[in-house]
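**Q** Sequences are here, hints too, so could you generate the full structure?
In order, the protein sequence lines correspond to chains A and B.
Note that the working numbering has the first sequence beginning at 1, numbered continuously upward.
Note that the working numbering has the second sequence beginning at 1, numbered continuously upward.
Derived by calculation from the structure, the hints in this document are not laboratory data.
No false leads were slipped in.
Simulated DEER-style distance windows between Cβ atoms:
(1) A:Gly55 - B:Ala75: 33 to 43 Å
(2) A:Ala34 - B:Ala303: 46 to 56 Å
(3) A:Pro54 - B:Val409: 50 to 60 Å
(4) B:Asn76 - A:His162: 24 to 34 Å
(5) B:Asn76 - A:Pro46: 23 to 33 Å
(6) B:Gly410 - A:Ala34: 50 to 60 Å
(7) A:His131 - B:Glu87: 46 to 56 Å
Cβ-to-Cβ under 10 Å is the rule here; a few derived chain A residues that face chain B:
(8) Ala35
(9) Cys66
(10) Arg70
(11) Val75
(12) Phe90
(13) Pro143
(14) Gln145
(15) Gly163
(16) Asp164
Think of the CB as a built atom: it goes at the ideal place given N, C-alpha and C, for glycine as much as any other residue.
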Amino acid sequence: MTHQPIHGPAHVYGDNIDTDRIIPGKYTKTLDTAALAAHVLEDLDPEFSRRVRPGHILVAGRNFGCGSSREQAPVALKAAGVAAVIARSFARIFYRNAINIGLPVVEVEDHRIQPGDEVSIDLAAGLVINHTRGETYRAAAMPRQMMDILAAGGLVNYLSRHGDYV
Amino acid sequence: MAQTIAEKILSRRAGKAVRAGDIVIVSVDGVMATDATAPMAIQAFREMGGRRPWDPTRTFLVIDHAAPAPNETVANLHRLMREFARETGCRLYDVGEGICHQLMVENGHVRPGDLFLGADSHSPTYGAVNAFGVGVGSTDLAAAMLTGKTWLRVPRTVRIVLHGGLRPGVTAKDVILRLVKELGADGANYRAIEFTGEAVHAMSLAGRMTLANMTAEMGAKTALVDPTGLRLDEPFEPVYPDPGAEYEATLTLDVSALRPQVARPHAPDNVVPVDEVQGTPVHYAFIGSCTNTRLEDLAAAAAVLRGRRLAAGVRLVIAPASKRVFEEALAQGYVATLLAAGATFIPAGCGPCVGSHLGVPGDGEVVISSANRNFRGRMGNPRAEIYLASPAVVAASALTGVITDPAEVG
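**A** This is the structure:
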């Protein structure tokens, strides 16, 4: 599978955004992804779930997704329409979970993305382009294992296809 | 090649010698998911075409995060877990039996040298029994249920050497809070932590669990506690690091002068000695969570509150780590002491720590808690403030109504 082009306006937040702020624990006990999306980032920015549109890009600082192992966090972002998350660094469980459910995550240590900037991501080349500022940023390399899982659209598709890790 | 504990355990599971940085596919010794993560894992497992886990006897489901069910949605997720366990023969711990990590250790499901996957971020707790415990999400767990394997990058190891002896009233919780402050919220991201030193050798199993548990708050992939001094019911083969093993860094702390520590809102690494927050009024005291509500924690709280009453206007809620812990605390008289002081017991489980139910704080209320996280909204209300501390500090604060060093009320 080839990746869909990712291009959209950026929503920008800060460092150490924990999974409780991505989706509070009181809402996580459900398999209804729309119910998760309705509360995404609620305690960080109550307006976010109303402003986000399919294809928008979330941009954050260091250690995005720290805390709980709840996969509901990337699921809620994806269900809300977020096409990708760019952060200066990610907490490891969130990073894995996002790839596993097919939500692209891109680690870019150095960037100057501001709220509303038009950003596109070329996953194969590992590049993030800020069209508003005319800048290009290099993303940290992703292990081959993860690229394969992401290219399959997530770990469920990957294992349905291969039956095992290859 | 001299290896760290993490490299040794993963080499065994990979079937070849591995070192930090390698990406490996490894067999797992056990997997665990809770009612917060198992329903999604079961769904993903079925979507992958799974029918029965690779080894149902090594697959554990625990209903602890919202147990007993607070509403019909959760009740139906619990039903899904029970049906799955019945169909596949995997082991289910139902409501009230206890907190997942406590149950895995207490029942010997995780053993020294194991690689154990938990769909819960506090899975590094298993390092207390010298096992490589790693937290994953639901889909990774489903994949391990299907294949008996997972993939991971062999972590670099940071060695933490704890010298000296703890003063009375100072505990493993105070040590780990101090270390979370030192390393910061992402200070151990992707790393394994190895704990060693005479202060570790002297720690009980419960203390080791507390220590390993909160490495999650520095982002660690796993924590491995030196098995010297570890006592388990069954004989075991300890895994030690090789002399000359390569560490990314070594951090040394003499704990002899350490005072009780408190994490202020709204981050677990926002830690100060208790003196700096002493006198802060509290409304709600909570003793619970996979971090700190084992027998010795209830003993510490009972020692503070024996023959006394909670301050007016303060409630103390206690959720024991497991039914067995509760039974032992009953037998020892701790439960009677705490009840007489005015405490309220709720069923063994996670409840208030994760904001599920059984103790959500009100707007503007201040909580002193023995749990592991004080993120905004963590306990179910973003307008409450949570301070984290040891059970002794929580009990002393419940007694006086303000954050208090237990030494002051001894």
